[in-house]
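Enquirer: Chain by chain, the residues run as shown.
Protein chains: 2
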Amino acid sequence: MNQMLKAYMANKKAWFEAELPMLFQNAAITPKLKQAMLYSLEAGGKRIRPILLFATLHSLGKAEDNGLSTALGLEMIHTYSLIHDDLPAMDNDRLRRGKPTNHCVFGESTAILAGDGLLTAAFQLIANDPFIDENTRIKLVYLLAKAAGPEGMVGGQQDDLQAEEKKINLNELMSIHKRKTGRLIRFPVEAAAVIAKVDKKKKQTLVLYAEHLGLAFQIGDDILDLTGEEKALGKPVGSDIANHKNTYVSLLGTNGAKEKLEQEVNASLAELRKIGLENGLLSDLASYLLHRTY
Amino acid sequence: MNQMLKAYMANKKAWFEAELPMLFQNAAITPKLKQAMLYSLEAGGKRIRPILLFATLHSLGKAEDNGLSTALGLEMIHTYSLIHDDLPAMDNDRLRRGKPTNHCVFGESTAILAGDGLLTAAFQLIANDPFIDENTRIKLVYLLAKAAGPEGMVGGQQDDLQAEEKKINLNELMSIHKRKTGRLIRFPVEAAAVIAKVDKKKKQTLVLYAEHLGLAFQIGDDILDLTGEEKALGKPVGSDIANHKNTYVSLLGTNGAKEKLEQEVNASLAELRKIGLENGLLSDLASYLLHRTY
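As you go down the protein sequences, you meet chains A and B in turn.
Each residue of the first sequence is one higher than the one before, counting from 1 in our numbering.
Each residue of the second sequence is one higher than the one before, counting from 1 in our numbering.
This is chain A alone, in the form it adopts within the complex (with noise of 0.2 Å):
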């Protein structure tokens, strides 16, 4: 990786996950229910998505403070989404990033609060966001509700769950990807536009680079389920397979899925160019995902 990007990377996770402690500090939570949400926040992870709206926004000359409240809330959402997955009644994980999952920990039904009160909390704590005008506030509101709800990442988890123990093509894996893990990437670029205040077509120009780059980085992720090691992958290697997932790698061979990344990036690449930005931390993200190993 880049080493420019691997410190902003590093830099801004640091600085990012020093705020979860102090989320729900002045909140009157009664403590298993806080404690099972910060247990799955705290998890760990690459911090994708938050890294993302901060490095849209830097590269659009604003500052990421102006951000925060955001990044934590989608966090709190893309958290709570895995807790949800991870359910018996779901994909009935007992691993996610090498530890317990929620309700293997803290039992099933206060997994499903967890879920239920990080989702509900992310809207609160972007409402209540004093760096950015009202105006702005209610827009990503708005905009991630959308990203995560039923036209969304829970519509995309439907159709996946549907999608299991049955052979689909291409066009439908991409629109289940697109919505399922699609939005959140989007949505934090998009997000960034929109604090920024920049003009329409600059917005879009950004959303096509985060569908590309969103796209590009499920394909990744399904490459890695063979390529990878268990260890950085937290999960056993193979694991897709063994559960007859539809994946990039099971459509396409371990070749068509690389040549479908690529693909993907290069089309992002040539979005951050129509803006002049293609040399920076948007562009680094993307090159990035060609060749991560975990």
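Hints should not be assumed to be uniformly reliable.
Since the list gives no way to pick out one identical chain from another, each pair is judged satisfied if it fits inside one copy or across any two copies.
Derived BS3-like pairs: lysine-lysine, alpha-carbon spacing no greater than 30 Å straight-line [said to hold, decoys possible]: (1) 167 with 12; (2) 274 with 203; (3) 139 with 62; (4) 6 with 32; (5) 245 with 99; (6) 139 with 203.
By construction, these hints were calculated from the structure, which means they are not laboratory data.
Given the structure of chain A, go ahead and fit chain B onto it with the hints provided.
Expert: Coordinates of chain B only, in the frame set by chain A:
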């Protein structure tokens, strides 16, 4: 019930319910998920929360249209909470309002997602409400998230689960109900005050009215569990006792609970007198709780 209140409630219920099938009409949502969300939204009920919002707006001299999106969002959140409460890992209920619960019809994973989808879409709807200004909208999003989230309903639900199979005292029971059911009764009254832009003191008085009303509503539910008819309740008579639930009746006896109900109704009426609203829909609504049979 007072004839004017009866007509108002029937009228607003019909108006409100006519909006439900149109909610996701222009949204690209995968069919089974949309069907599952609408199934529970359209399953009936008294629509007491939307009606409280409309009645408060009406009492403040403001047209009910201004509260329609907020009332729909509120009912979506109330509905999601019922879907998740009924899940096997929570109360494991198979019947709700005389109909099979969401997970019995659509399966557990879809029921979880339908709940998540309704919760998220509620904020999307309110954030996009064309009838009210953006500053008011952001206040409504904040208040609703606070009422429904870890400090409110979700926290109350967590404490309620932890109180099962355990004897708790009256203060603990009231603390649970103030959050689990009370916050979503208080919200519509507070929301109407925000939409009507009343002064701080009047808003605080209305909030106190709503808090007493919320407790009265819950105490009435507990009494009805014993004295109501199965058909009107939509569940077996005495199911709280069968499930060893902590209720006002189990703590105070039937007569004690009836006294407490009367106290709370009187306290709510006393608040209304302070702001000259002692004769009207809001006082009729409180008095109706004294004698309701379902």
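Enquirer: Can you give me the call for residue 274 and residue 203, within, between, both or neither, at a CA distance of at most 30 Å?
Expert: For residue 274 and residue 203, only the intra-copy Cα distance (12 Å) is at most 30 Å; the inter-copy one is 52 Å.
Enquirer: Classify it for me, residue 167 with residue 12: is the Cα-Cα distance of at most 30 Å met within a copy, between copies, both or neither?
Expert: neither (40 Å within a copy, 48 Å between copies)
Enquirer: Between residue 139 and residue 203, at a C-alpha cutoff of 30 Å, which is it: within one copy, between copies, both, or neither?
Expert: both (14 Å within a copy, 27 Å between copies)
Enquirer: Regarding residue 139 and residue 62, is the shortest C-alpha distance of 30 Å or less found within a copy, between copies, in both, or in neither?
Expert: So residue 139 and residue 62 pass the 30 Å test inside a copy (18 Å) and across (26 Å) alike.
Enquirer: Given a CA cutoff of 30 Å, do residue 245 and residue 99 count as a within-copy pair, a between-copy pair, both, or neither?
Expert: So residue 245 and residue 99 pass the 30 Å test inside one copy only (22 Å; across, 35 Å).
Enquirer: One pair to classify: residue 6 and residue 32, alpha carbons no more than 30 Å apart. Within, between, both, or neither?
Expert: neither (36 Å within a copy, 43 Å between copies)
This entry does not satisfy hints 1 and 4, going by the numbered hints stated previously.
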